[in-house]
Amino acid sequence: MRLLEVKNLKKIYTTRFGGNQVQALSNVSFSVEQGEYVAIMGESGSGKTTLLNILASLDKPTSGEVFLDGKNIVTIKDSEISAFRRDNLGFVFQDFNLLDTFSIQDNIFLPLVLAQKNYQEMNSRLGPLAKRLNIEEILKKFPYEVSGGQKQRAAVARALITQPKLVLADEPTGALDSKAAMNLLKIFSAINELGQTILMVTHSVAAASHANRVLFIKDGEIYNQIYRGSMSNDDMYQKISYTLSVLASGGEDCE
Amino acid sequence: MNKFFYPRLALVNLKKNGNTYIPYILTCIGSIIAFYTMVSIHSNKGLDQMPGSANLKIILFLGIIVIGIFAVIFLFYTNSFLIKRRKKELGLYSILGLEKKHIARVLFYETVFVTVISLSLGLIGGILIGKLLFLLLLNIVHFKSPLIFHIDYWGLLITTGVFLVIFGLTLLTNFLQVKLSNPIDLLKGGQHGEKEPKSSWIVTVIGLISLGAGYGIALSVKTPLEALMLFFVAVVFVIIGTYALFISGSITLLKQLKKNKRFYYQSRNFISVSGMIYRMKQNAVGLANICILSTMVLVTLSTTVSLYVGQEGMRRDFYPMDVSIIGEINNTDFAEVKAIVESEKEKLKIRSSDEISYDLARFRAFQEGSHFLKDMVEDESTDARYYERISNMILIPLDDYNRMTGEQKSLAENEMLIFSVGDNYGEATIVFGDQQYLITEQLEAIPMDFKKTQDMGQTYYLVVKDDAVMEGVYQTMKNDDDPQTTLHALMFNLDGDEDTLNTFSANLRTAITQSNPDIDIQNLYEALTELYFFFGGFLFLGVFLGSLFMMATVLIIYFKQISEGYEDSERFEIMEKVGMDKTEVKKTIGKQILMVFFLPLAGAIVHVAFAFPVITKMLAAFRLTNITLIFLCTLAGVLVYALVYTGVYLLTARSYYKMIH
Ligand SMILES: Nc1ncnc2c1ncn2[C@@H]1O[C@H](COP(=O)(O)OP(=O)(O)OP(=O)(O)O)[C@@H](O)[C@H]1O
Ligand SMILES: [Mg+2]
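So the protein sequences, as listed, match chains U and E. The first sequence lines up with residues 1 to 255 when you count with this note's numbering. The second sequence lines up with residues 1 to 661 when you count with this note's numbering.
Please keep in mind that the hints were generated in silico from the structure rather than gathered at the bench. Take these hints with a grain of salt, some might be off.
[What the hints assert, rightly or not] A few chain U residues that face chain E, going by a derived Cβ cut-off under 8 Å, partial list only:
id, residue
1, Met1
2, Leu3
3, Arg86
4, Leu99
5, Phe102
6, Leu114
7, Glu136
All of these numbers come straight from a predicted model, not from anything done at the bench. Every residue, glycine too, gets a C-beta built ideally from N, C-alpha and C.
In isolation and in its complexed conformation, chain U is listed as follows:
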């Protein structure tokens, strides 16, 4: 089943003064199947975050369409957008974005509280999730009291607790050391195996090599993509590295 469909997405930023225009996305089209684990790679400034923000309905494209489960999120009314985001999407950010005013547990509850779920339900959802992410011990602590890896796992829990259709992650391993990063990637793979669709922006080849598919963006367009097929993580790693080096050398073609 096709979960996400992106058609001819274009995004032009107009700076506030002087009317300087930056074309962040020129023409992006792709689709994601239910249960897929997709990584998006590309050089700095190529438009990855821009793309993700649009998918997250945090930003509007200049033109183009985005369908999530058949619903065009570009045309959703402003008044419904928060609820839509809450119910359908989960986010993991590079800098965790946990609120320092809440304990880890309350941070994870936040989207459910906003969705006005009752406490019993929230609690029953948290139990297994916390166990799976190995954060049971730190639930009562505050963000400043735990490590980066723990924070990120908490953020993953917050993204998953609403049982979203799609998890969006922007460089989730960016602020983690290699061990914590590895740990997180394992978690991503595991939840993906349970059927969770994931879309992850990353600079890390190691991170991308866990995905089923890797999309490469260059100058605001999809430049190339690699399917895992039956490749192992290591093969995947080799292939991504190669593609990136071609990309960096400004290569016209690949494969």
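Using the hints provided, position chain E with the ligands relative to the given structure of chain U.
Positioned in the frame of chain U, the structure of chain E with the ligands alone reads:
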């Protein structure tokens, strides 16, 4: 390195931190203006020559002290706020390779710039505004002849000295801050207190008890003397209670709310409660400061305005008749005194009315039921209730009373009529020494005085059979320093314009005292000048300090808003990402600032409400007993203050919202 490097860096820093340093410098300037103005008015030579200015000078001196203390506390507070906010920046310098002593040098130059700017503008402002305020003061105290307001070089010197010391001390604390910290600390400085606050039941309970004690004292005060003595005790209790409750009580309460899962995990409460916990932790002290400052503003304003507005009524209490001339019978020639009065009236074409004259004896006695004892045992003098039982006794012979009132009453040797100025005299008899007298009538009125609230001991007029009885009682009861013989009084009211009456009063005193140096002349119009000085001085000080405190409040609020704006903007961005509505975000923010903002004001209003009974009692000590008037003045004060406060809120809220979006 270029020798201008540090000064230039300092200047750049000040500019870069303009949105905090400009208000800080304005505060400094304001404090300097206030201080200089007070000092220069206090030392104005022209004021010395004014009769009655002694009280005013005491009031002004009080003002100097208060402003001095205030300036120290407040400038320290704002300075520490500024340096805390800049810790990150300073940490960055040190990581980029500036040594601590270099940072210290930058801080030094910054302080020098701030000092130079503040002092020069402050002193110039003081010279200009001081003149204006001086004119205002003269107007308030009804001072007619123009006084010149010189530039007070001595005052300039003192002000400069005081503020150099203050600035020097702030610089020292800044040095200390930098010296005691390492770069990592400095870098983190801004976000040190992220920990969730520890609330303590003990502190909360102490706060509650303390506040209860303060309020309890305020409510239980019965008399003006008690009020004067206990007021400051109550104030201290209330201040302790306020701090404890803001710091710990608020958090205890919020944590209690948080424990209630049903309540807490509602989207409305969830964000508010946790946000409030966080805010209270960061702002408790600031909010308690605002609360106490606001209370001070309100109390100062309402009392001083009440006194000033109410003085018309009060002076009748002090002076039931405009002029009263009382002398000893055996060494005063009352025919001559009367002649002088007539001739002085004639000179200025003044008419008098309600003229009365009568014999009297007066003394003070210690009342125990119907027994009146000769005055007073020294060591009991500290007991407030002791003073309440000291009564002023005035004896008048019956024929004088009958002549003045046109009545035909009669009395036996052992009978008296009584008029009590305050509460009615409840006993059927009255005993002086071993002589008991029957009270045959409680008089409702008496020509020379009227009924009024008596808070500090009673005043009784007793009409006795004749001079002999009066003399007898007087000789039994009089104290050593009372006159040897009984007295004679001449009293009348005056008609005419105030200026002429002032001249008349002065002339009359000179003329009479020439031949009768010991005579007691009480004159409303002479007293007016003094009263105006006294209450006008108070009003001036009240408004002055009120404005100063208000400025402080505004600044604290402003600093709070901008320091929170930055942090909150991040927080709400995250909430939006997690699926919170923009309008909901706005509503939540609005609710939180509103609560944080108006909590101190609400606290202050409650404080003032509880202080009201004490205030009325204290003002009664100044013979201001018109409670309606005090209430209206207080209410007006609260309203005006709330308005200004709301205005400040709206202004700062705007800049806060701008930061968030
Ligand atoms: N709010 C904005 N206003 C103007 N230009 C923007 C804005 N956000 C991004 N850009 C520009 O759009 C382009 C794409 O930015 P984007 O953040 O999507 O890149 P990215 O691929 O995420 O880079 P990185 O890997 O460094 O995160 C860049 O040239 C950037 O400068
Ligand atoms: Mg990015």
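Evaluated hints:
1. Met1: Violated: closest Cβ of chain E sits about 24 Å from Met1 (chain U), beyond 8 Å.
2. Leu3: At 19 Å from the nearest chain E Cβ, Leu3 (chain U) fails the 8 Å test, so the hint is violated.
3. Arg86: holds, 3 Å
4. Leu99: It holds, given that the least Cβ distance between Leu99 (chain U) and chain E is near 6 Å, below 8 Å.
5. Phe102: At about 5 Å, which falls below the 8 Å cut-off, the nearest Cβ of chain E leaves the hint on Phe102 (chain U) intact, so it holds.
6. Leu114: The hint holds - Leu114 (chain U) has a Cβ within 8 Å of chain E, the shortest such distance being about 5 Å.
7. Glu136: violated, 19 Å
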